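S.K.: The residues making up each chain are set out below.
Protein chains: 2
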Amino acid sequence: MTATPAWPPQSAPRLHVGTLLGTGVSVPIDGNPAHYLISVMRVKPDDIVLLFDGRSGEWAAKARDIRKRDLILEVISQTRPPEHVPDFWLCCAPIKKGRIDLIAEKACELGVAKLQPVLTRRAVVDRLNLDRLHAHLVEAAEQCGRTALPDLGDMVKLDALLRDWPGDRWLFFADETGGDPLADTLRARPGPAAFLIGPEGGFDPVEREAIRAHPRSVPVSLGPRILRAETAAIAATTAWMTINGDWR
Amino acid sequence: MTATPAWPPQSAPRLHVGTLLGTGVSVPIDGNPAHYLISVMRVKPDDIVLLFDGRSGEWAAKARDIRKRDLILEVISQTRPPEHVPDFWLCCAPIKKGRIDLIAEKACELGVAKLQPVLTRRAVVDRLNLDRLHAHLVEAAEQCGRTALPDLGDMVKLDALLRDWPGDRWLFFADETGGDPLADTLRARPGPAAFLIGPEGGFDPVEREAIRAHPRSVPVSLGPRILRAETAAIAATTAWMTINGDWR
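As they're listed, the protein sequences go chains A and B.
According to the working numbering, the first sequence holds residues 1 to 248 in order.
According to the working numbering, the second sequence holds residues 249 to 496 in order.
Just chain A, with the same shape it has in the complex (with noise of 0.2 Å):
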């Protein structure tokens, strides 16, 4: 008896594309993406590869066409249906580059919905490369299996993010000064939720103030150790998601 080949090919490369897919679609594929394709993985003519549009689940598509810069990926059937993403938020301050792009990476992988900049005072960096944040998010989502990629938002500063808060979401914060247990502290407030996450020298007392009089913030210790910035946000995220998200 000879074992039926996995459906989908294990081995097929997965790329995310702006095109809105279904069956039937011929998307073509240019550029960078090409190239991995054809000259990295070695896509030859009718080789299988998986599709996510970030919204309708994910594809398996046919190659053809394959000429030196380009090809055609044809949609051949739905492998999965679109994702459900716990509706997690991971709010944080700006960084340096290595660092912000480490926690743009993890927060896909770990399940973010949504991941939100949010200018601060002691922040040491003031702008962000949405469009390198948006690739990296895409890398990870190609890579963890992810058919839904997480919302990336425009930087706000911290009073607007406070100001327009909305009220039925959670707004547990990372608090240096102390603050409740993590675990049970997660474990009684289910539902919509974002973690905010300092810069590297952590929330000035003004801010500090103002998160702590919202009245959806709660302020939580992430442990008796200092964390850095990005060590915070992946840390935070895995915390929700082990408690309230679908780690359970």
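Hints in this document: simulated from the structure, not taken from any laboratory.
Be aware that a few hints might be false.
[As the list claims (entries may be wrong)] Taking lysine-lysine and the BS3-like style, the derived pairs with C-alpha atoms no more than 27 Å apart in a straight line are:
hint, chain 1, residue 1, chain 2, residue 2
1, B, Lys344, B, Lys362
2, A, Lys44, A, Lys62
3, A, Lys114, A, Lys97
4, B, Lys345, A, Lys96
5, A, Lys97, B, Lys345
6, B, Lys405, A, Lys96
7, A, Lys96, A, Lys157
8, B, Lys405, B, Lys345
9, B, Lys362, B, Lys405
10, B, Lys344, A, Lys97
11, A, Lys114, A, Lys96
12, B, Lys310, B, Lys292
As the structure is a prediction and not an experimental result, all values here were calculated from the model.
Position chain B relative to chain A; hints supplied.
M.R.: This is chain B only, laid out in the frame that chain A set:
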């Protein structure tokens, strides 16, 4: 009224040393640490530097005899007692350079007692530079305020790890083929623990059988998405610290 200056000064540099510390001990510093103190931090005579030796807590020392490439730090008083580190080991397969370094850095920040490299069949890397990993642990400990360095084990093969496993220690392992829900499983099993994380390609079926057959092993799921090896290591450590460690 003038505010009393904070003690120890918040801006004091923090350094790990090999010398066993105590009041009155003089610690000669040269090489990179001296360069860091003299040229980067611009330490002047009588400035305070915080020292820890990984065993005796943290100490304030005064700089003296500052020369071009060396100086003396004279210990004046203890600032913190030896740290109580939660009894948690992170056992992980070697992975690519930058990513195993990230595991070492984050494991130290998150509070592990021991980092134990484990060689598995699908490991893409079969040797580790333990000196480099040790340097990452030291740097992270200096940064995050730990007074105890995590132990760093020599690399062991998976079968030896399982054979010599201590009978009183849980061996949680991240099983990509599915496992028990993370939070409840951890909560039901307090006490000494370890998390075993495979390489990028996961454990092979024979290894997985051997791990599952071990009397102390407990398979758990790290959620529905595919985590990179270093993300799994960081997430597993965070989850344990949140539920059973000292983040409570």
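S.K.: Within 27 Å, alpha carbon to alpha carbon, are A/Lys114 and A/Lys97?
M.R.: holds, 19 Å
S.K.: Quickly compare the C-alpha distance for B/Lys345 and A/Lys96 to 27 Å and report which way the hint goes.
M.R.: holds, 21 Å
S.K.: Please work out if A/Lys114 and A/Lys96 have their alpha carbons no farther apart than 27 Å.
M.R.: Satisfied, since the Cα-Cα distance of roughly 20 Å is no more than 27 Å.
S.K.: Do the alpha carbons of B/Lys405 and B/Lys345 lie within 27 Å of each other, as the hint requires?
M.R.: Holds: B/Lys405 and B/Lys345 sit about 19 Å apart, inside 27 Å.
S.K.: Straight-line Cα separation of B/Lys362 and B/Lys405 no greater than 27 Å?
M.R.: holds, 17 Å
S.K.: Against the 27 Å threshold, does the CA-CA distance of A/Lys96 and A/Lys157 hold or violate the hint?
M.R.: Roughly 18 Å separates the two Cα atoms, so the pair holds.
S.K.: B/Lys310 and B/Lys292 were given as a pair; does the straight-line alpha-carbon distance stay at or below 27 Å?
M.R.: holds, 9 Å
S.K.: Next pair to validate is A/Lys97 with B/Lys345; report whether the Cα-Cα distance is within 27 Å.
M.R.: holds, 19 Å
S.K.: Given the hinted pair B/Lys344 and A/Lys97, is their alpha-carbon gap at most 27 Å?
M.R.: The given pair, whose Cα atoms are some 21 Å apart, holds under the 27 Å limit.
S.K.: Given the hinted pair B/Lys405 and A/Lys96, is their Cα-Cα distance within 27 Å?
M.R.: Measuring from Cα to Cα gives roughly 38 Å; hence the hint is violated.
S.K.: Given the proposed pairing of B/Lys344 with B/Lys362, does the C-alpha separation stay at or below 27 Å?
M.R.: It holds: about 20 Å lies between the C-alpha atoms, which stays within 27 Å.
S.K.: For the pair we were handed, A/Lys44 and A/Lys62, check the Cα-Cα distance against 27 Å.
M.R.: Roughly 9 Å separates the two Cα atoms, so the pair holds.
Hint 6 from the list above is the single one not met by this structure.
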